[in-house]
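K.L.:
Hints in hand, dock the two standalone chains.
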Amino acid sequence: MAQKPAALVIGAGIAGIQAALDIADAGYPVYLVEREPSVGGRMAQLDKTFPTLDCSSCILTPKMVSVGQHPNIELMTYSEVVAVEGEAGAFHVTIRRKPRYVEEDLCRGCGACAQACRMRGRVVDTFNQGLSKRSAIYVPFPQAVPLIYTVDPETCLYLTRGVCGKTFLCKDACPADAINFEQKERIVKVDVAAIIVATGFDLMDPRTKPEFGYGVYPNVITGLEFERLSSASGPTGGKVVLNGNEPQDVVFIHCVGSRDPHTGVPYCSRICCMYTAKHAHLVRDKLPNARITVFYIDMRAFGKGYEEFYDRVKEERVIYRRGEPSEVYRRGDRLVVRAEDSLLGRTVEVEADLVVLATAVVPRADTPAVAQLLGLACSPDGFFQEAHPKYRPVETARTGVFLAGCCQSPKDIPDTVAQAKAAAASALVVLHQTRSR
Amino acid sequence: MKPRIGVYICHCGTNVAATVDVEAVTEFAATLPGVVIARHYTYMCSEPGQALIKEDARTLGLNRVVVASCSPRMHEPTFRAASHEGGVNPYQVEMANIREQCSWVHPDRHEATDKAKALVYAAVMKAAHLEPLEEREAPVTPGALVIGGGVAGLVAALDIADAGFPVHLVERSDRLGGRVAELNRTFPDLEPVAEWLPALVDQVRRHPNITVYLNSRVTDITGFVGNFEARVGPIEAGLAPAQIQVGAIVIATGYNVFDPRLKPEFGYGIYPQVVTTLELEQRLSSGDLTVNGKTPKEVVFIKCVGSRDQQLGRPYCSRVCCMISAKQAQLVRQALPDARVTVFYMDVRTFGKRGEEFYDEARRAGVRYRRGNVSEIYRRGERVVVRVEDTLLARTVEHEADLVVLAVGMEPRPEAADIAALLKLPRSADGFLLEAHPKLRPVDTAVDGVFLAGCCQGPKDIPDTVAQAKAAAASALIPLMRGVVPMEAATAVVDPELCAGCGMCVEICPYSAPALDPLWGVSRVNAVLCKGCGACAVTCPSKAIRLQHFTPDQILAQVEALVGW
Ligand SMILES: Cc1cc2nc3c(=O)[nH]c(=O)nc-3n(C[C@H](O)[C@H](O)[C@H](O)COP(=O)(O)OP(=O)(O)OC[C@H]3O[C@@H](n4cnc5c(N)ncnc54)[C@H](O)[C@@H]3O)c2cc1C
Ligand SMILES: Cc1cc2nc3c(=O)[nH]c(=O)nc-3n(C[C@H](O)[C@H](O)[C@H](O)COP(=O)(O)OP(=O)(O)OC[C@H]3O[C@@H](n4cnc5c(N)ncnc54)[C@H](O)[C@@H]3O)c2cc1C
Ligand code: SF4
Ligand code: SF4
Chain Y
0 MAQKPAALVI
10 GAGIAGIQAA
20 LDIADAGYPV
30 YLVEREPSVG
40 GRMAQLDKTF
50 PTLDCSSCIL
60 TPKMVSVGQH
70 PNIELMTYSE
80 VVAVEGEAGA
90 FHVTIRRKPR
100 YVEEDLCRGC
110 GACAQACRMR
120 GRVVDTFNQG
130 LSKRSAIYVP
140 FPQAVPLIYT
150 VDPETCLYLT
160 RGVCGKTFLC
170 KDACPADAIN
180 FEQKERIVKV
190 DVAAIIVATG
200 FDLMDPRTKP
210 EFGYGVYPNV
220 ITGLEFERLS
230 SASGPTGGKV
240 VLNGNEPQDV
250 VFIHCVGSRD
260 PHTGVPYCSR
270 ICCMYTAKHA
280 HLVRDKLPNA
290 RITVFYIDMR
300 AFGKGYEEFY
310 DRVKEERVIY
320 RRGEPSEVYR
330 RGDRLVVRAE
340 DSLLGRTVEV
350 EADLVVLATA
360 VVPRADTPAV
370 AQLLGLACSP
380 DGFFQEAHPK
390 YRPVETARTG
400 VFLAGCCQSP
410 KDIPDTVAQA
420 KAAAASALVV
430 LHQTRSR
Chain L
0 MKPRIGVYIC
10 HCGTNVAATV
20 DVEAVTEFAA
30 TLPGVVIARH
40 YTYMCSEPGQ
50 ALIKEDARTL
60 GLNRVVVASC
70 SPRMHEPTFR
80 AASHEGGVNP
90 YQVEMANIRE
100 QCSWVHPDRH
110 EATDKAKALV
120 YAAVMKAAHL
130 EPLEEREAPV
140 TPGALVIGGG
150 VAGLVAALDI
160 ADAGFPVHLV
170 ERSDRLGGRV
180 AELNRTFPDL
190 EPVAEWLPAL
200 VDQVRRHPNI
210 TVYLNSRVTD
220 ITGFVGNFEA
230 RVGPIEAGLA
240 PAQIQVGAIV
250 IATGYNVFDP
260 RLKPEFGYGI
270 YPQVVTTLEL
280 EQRLSSGDLT
290 VNGKTPKEVV
300 FIKCVGSRDQ
310 QLGRPYCSRV
320 CCMISAKQAQ
330 LVRQALPDAR
340 VTVFYMDVRT
350 FGKRGEEFYD
360 EARRAGVRYR
370 RGNVSEIYRR
380 GERVVVRVED
390 TLLARTVEHE
400 ADLVVLAVGM
410 EPRPEAADIA
420 ALLKLPRSAD
430 GFLLEAHPKL
440 RPVDTAVDGV
450 FLAGCCQGPK
460 DIPDTVAQAK
470 AAAASALIPL
480 MRGVVPMEAA
490 TAVVDPELCA
500 GCGMCVEICP
510 YSAPALDPLW
520 GVSRVNAVLC
530 KGCGACAVTC
540 PSKAIRLQHF
550 TPDQILAQVE
560 ALVGW
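Residue numbers (numbering that gives the first Met the number 0), protein chains in the order written: chain Y, 0 to 436; chain L, 0 to 564.
Looking at chain L on its own, in the form it has when it is part of the complex (with noise of 0.2 Å):
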């Protein structure tokens, strides 16, 4: 179809109009070829400045628009929407950016009128070739599945369970719960853990809508955003697998604690006396304290094992630690109220609601706190000596001890890896899993429709826990409850007779959209996973790919106005 081209000039309040001559960029659209009318307005976005355009678009029976105004990022789903509204295919609509990349940089009125007729004439001349595309959605399988039964796990379940879809729970051990359920009392209002976990956990196992798969893991995923299918296989041999289809995945594969045989000079593994705070938990629950058979009168707790430790490779801080020593030397001193209870610490972390006092309430109960780099533990007779750089006092000073107790850090779990390749999701510096953004989007994935929950994305108390798993539901249900997801129209498209079949294309794609056909020998990209990012395109050796909205003819047309100007 021929073009007929519709100019809107934006004068955006004074801020375009102050430097542009927006009538004389007017007056110069006029003449372009393929313009059937130029305008200017003080707001295009204005409800006026939009009455504008579909008016002009269905009186003149326009079929491209240009508007010459804001970042596209403003409002280019505006002036889709009027066009569109108008008769216009959204995607035959080309913005020119001429006030944050011209009014706004170039003082001289001058330049600043020049540089935005040849923004225009270049977004015109690429308008002309910009051909309609279609915006298409894809059905939601209505379902989730959710990976890993701990605190994480079992609370993004119930939400999504809780607003009416299937959801199927895959935990690895044999029983739901994860770490927590090896806690005795959780800090800051010291509650036992058997008086809250378990209610949750039956909570699930007794919710009509949630499946739970013990003793499983997950063994493949195909499929995208709305669409997965994933195959459950039980760990041991002999049961056959289910293969079930989900909208979306929330992964809460959790963490490991850092083995402290890796510090070897803090003697773990060798001397009774040295455990860690997870083995201390289950000797609170145990109540049993006693180091070969005694009761300890001094007992230590060193923070920070394995965490902020760049020799180590580990040197970010695991967040909860402070808080546990914090737990347990309360739970220590009521324990045994003849004991010394001392904490070697860097920094005291105690951020979290209730943090803070729980710390004095820590110090008032006797629990003594004292700042220094511990470097050793040795044995002297039954006791083990704490070698300690005390940085206060700036001198070394050596502790003895009947119970070391060591603040392991959190580092995630080998298992997480499968998991990651299965889904080609990307992790950060520190092994944890990648969020898609690291302040607006905590729970998101570089992959559509997969989820973040707990300790899998970084260290976590049981709260931020909870608070991030019900998010990744909250991120689940939006596509679920749409029942459709929107699909990229500015996707990549093989020429089948060009397409030689090498498959660069496949390995260079971030989302995995194109897939060699077994039968033809030719890629094809997958229009639903398909995010229109070109690196397809523009390395396939053959030429055989296009990138639908921003075609070599089109952008060529753009880039020659611009040269030629």
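Just chain Y, same shape as in the assembly (with noise of 0.2 Å):
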């Protein structure tokens, strides 16, 4: 094992944790670098997923712990890559492992430390999207692979203040005296021939669209927020329900953000129109009276089963109305979104009492940084820009770095997955040829 070439890839969300699963078991060893403490991505924290309504986490699940327990990968998750130097076949790169304050091989993931945290129920959950609280020692969600705690540096008593009370009450209630906050960060050097990025997407802010309201009205949220609301995991149970209510009347809004070269992005986010479609579909199913209505400018239900969805979602009684909503306003207790309905040709508005907005999708806001650590371009959206648009979207300017997932482009989690695998591939090549040589 030892003297076969190893590949990184930077990332493990689907994409990432597709492409190194398909490196390893081909036989070659891979360090898989994830930032958070828990890899997984965006699709941890999606409910069911379009078309099919398989439950995210359960095809997910099983994923991330084969990359866990895999012989040939190493996972270094709560951790960064800060230099590569180098060629293909022949990268050294530099990875920075943040101090966790928790000892790796001693926690065994209980969680009691996180019962005992006296800033319990008060830091701001972000994997549910703020719609929850945990406390500053957390791990990102149950299903967390490694299951291995954090402390939080931002909101830690100690870490921030220097005192945490007269005593540790995290590290007085760990079993397994796992706790250390004498942690100091690592720096590690590994030396692959072939480098995968796979960093994934942001979502646009969308206090950039003011007429939305969106952080004035609680009961105007985005999608991912919805996905957080819908899950069984999430802080409601799986429960649509906003401060206590059950809402009546739902309006969901396309490209927020997308499609708008003058205050929003040029560009089409490819999965609105569908994971919008899904949201509607559940809505309808946990609330069988509830008057749903999507806006959009054209329904894009591109992929294979996806004009299918749209066609059953259409029929459980979803009201698909075409134009663009110019704002969203209160009227009472109740928002009201203003639209110019463009088959009726007149402006129209609608009742609601949730508003859930497509927000677009936008590169990483590193991705420069890290277009700059690789020597990578990145096209005029601000994603990575591969070889060549058609015949080479998966390599890049600089030999033996490759891109996969959303980190191109947006896409879907088919299209995803089929893009980490072809990374997988022409790293695949990479790693034979630079073991034959």
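Hints in this document: simulated from the structure, not taken from any laboratory.
Heads up, incomplete: computed chain L residues facing chain Y, CB under 8 Å, no partners named:
id	residue
1	Gly12
2	Thr41
3	Ser45
4	Met73
5	Pro314
6	Leu391
7	Lys438
8	Gly457
In this text, all values refer to a predicted model and were calculated from it rather than measured experimentally. Glycine included, C-beta positions come from ideal geometry on N, C-alpha and C.
P.N.:
Shown next as structure tokens:
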């Protein structure tokens, strides 16, 4: 094993997980580096997935467990790549392993520390998109891989103020004596022959479109927040309930920030038409009497089985109205969505008590920094640039560095997985050639 | 050998222990027949937890292990490995799921504890009957067969060949390149096909690891993952067929375009003014866009011809026609600057990288987009009239045109059915070949070692075709690079003394594992193909088939324990 060249995969969403598994299954060692405390990426946050509606964690968790246990994969979570030198076949990579303040080999993931933490119930839970609160010592979600707790340096009383009462409640609670506030960051150097970048995507902050009232009206939420609301493992146990109320009228708005060269991004985000159709179906499932309206410009249901799913959702009493909403405002205790219905050719107003915004998929904020680190180019839309738009969709300008998933452009899970496997194929070729040199 | 069973009850932190009285369950387990030791621990899956099993197995001479914890989907491999290290056969490990099937669903401590005991009891009774099984591996023939020489087949072949394996590339027609070779320029950069496709074809042609068979087709495939044998027959008679051995197969047989004669109201085949997008590609290449010798002044594109049309039995979207129309409309504007170009559409689906920008460019170049459903096309003098229900104006409009381009949808090739039949590959409702899982296994199939690339799985543009073709190459490279494939240990075995040779197992097996031995007239199950589903065992009227690891005495011991509880 030792003499076989290795690959580096940066980012452990479904793209990075799949690429790492393919390379490892073919017999080559892989370093899988993930910035967050757990692997999984965005897919771990989703409820069900279109068009077949299987539960996202149910299909993702086994893959997460596999990367955690694979003899050919060295998983480095809570870590970042800080330098890359060399060339294809012989890259020298420097990785910074941030301190968790918890010993990885001692922690058993029991959660006694989080139960005891003085900050319990006071820290915004970003995994739940801020819809719930957690402790300062945490795992992002119960199925996390690895199941090791991490002290959040931004909110831990000891790490931010130097004291946490008379005694560390977490340390006292830990049965394995795993908590260690003396832990320091570690720098690890590895040599690899090929690199796959799988750093994924962000979502546009809908506050950049103030006319929709996100951040002002609590019942205007994003699609990702809806996923957490609808998820059985989410803060409401899967009930679509806001401030204790079940909504009667739900309005979904497509293309919030997408296809909007003036105040948003010029491109199409590719997934929102379909996840909104899925959301509409989930609302119908949970609230049989709700009125559901979807505002769209063009309905882009292009994948295998997608048009059929859209047809089904339309039959479930979901009203699709072609038109771009111009604003959301309050009337009494309800909201009103005002839109230009382009089929009726007039302005319409629809009352709502829940408005869900399908916000644009955007490049991660640190994309330019990662591009610089690796010597990659970005395309005008801000995502990483592939070597050729048609016949080299996963290669980059730098030999030996490949792209997988949404870091190259928005995509759904099937297309992400296909592209991740494609990147794995390219990496396997480099690994083979390096080995036989 | 007399069973010596070790039982391990996991607290799973508080997940189990908060509802189930783990100590009571452990005490109970210690009293069961064959149990030598029973323990409980906070996390059985942790290093110290696994060490307990290994240590006991060695010092107490265990030959069976029962772990009561989470679902076997989570940690069965973990406990099998730990037991194995302690000298216990991995197939003599049994799990009782006291988390998902007990503590998580029963809030009452008393009831949950009682059920946990029952589950542990049943697992112990079953474990006593478990037999040791051997995990084996089969060697892999280094090499791959790629069927279809379009872009998908070319790209898949190159990756596999570049990774050092011989590739046999079989193409029906007399040239490589597939449909793309018929195209003029490609979106979203309007690059001439001549500038990139010939280079790709050339790379394949010159590759020392790739053998190309033109004018050929695959007439027979036998074998299984790692060891396929295929017969490649030349389409012209007189030439000798080739027999090839490979470890993996990539299917890249592409697509057909919809025949618009099936929509007679569009007058295709009757009016020379009406052409398909595929025909327009050729006209754009030759530079001749005239109709009846005249340069068109009004050009109309109609989208979704043969797509999104339930009446025609084609409910799906063909995924590329919106971009093709945007491309061709721009090229027509360039070639005929005086012509008006109008596109009729239902929804504009320009979703790919640079897609929306490309659509914007088309509109900036003067292409007019009108939302509407075209109901018919008829002749008026030298022109044709396109009758449209304009869904934005909510009225019918008549639009005269000199050239009408039908954006025909994609459909499965009829030849793909032959390949599907050869390999017993299922197809999805739309007729394209079916992937193993729509999200997480988009290029694998129900048959191990057979993978899908490109439009044979569903419509796609070139970038997505290439990504999928490389993905299929990755899947194919896994067994090839490993050199061995694991074999299922819990397979079906036929007792030749009992088998009457009726062949019902041969018919029922979805994996073609059993076959009748012509000499003895009895069934034999090929252990490499068998997935242990058990369909044959329950079908066999002579009770001649035993599914190892799920034998009647094992299952009955478990059932009796629960029924008697
Ligand atoms: C609301 C919503 C609903 C959706 N629903 C569906 C659906 O139903 N069906 C479907 O097919 N698709 C759906 N999608 C799309 C799906 O989420 C994506 O296709 C998928 O998550 C893309 O995976 P990825 O690995 O490319 O990116 P991500 O999931 O973003 O993963 C990237 C990973 O890389 C890590 N990372 C980032 N930068 C670095 C760095 N510099 N160093 C180390 N690690 C880094 C991140 O922490 C993350 O773990 C939905 C998306 C949204 C927003
Ligand atoms: C009018 C038109 C314009 C297009 N323009 C663009 C564009 O601008 N940009 C873009 O990205 N995409 C475009 N496309 C899509 C593009 O054609 C496809 O993405 C691409 O051809 C898919 O490649 P493939 O290899 O999967 O299939 P194909 O190109 O269909 O190739 C399949 C090959 O397999 C062979 N074959 C079939 N059955 C067998 C068998 N049983 N045995 C052996 N060989 C077999 C066939 O002869 C063929 O050579 C266009 C499509 C059309 C119709
Ligand atoms: S130091 Fe205090 S705040 Fe930090 S984890 Fe421990 S108890 Fe929580
Ligand atoms: S167990 Fe299933 S796979 Fe094996 S031979 Fe019987 S029917 Fe076929």
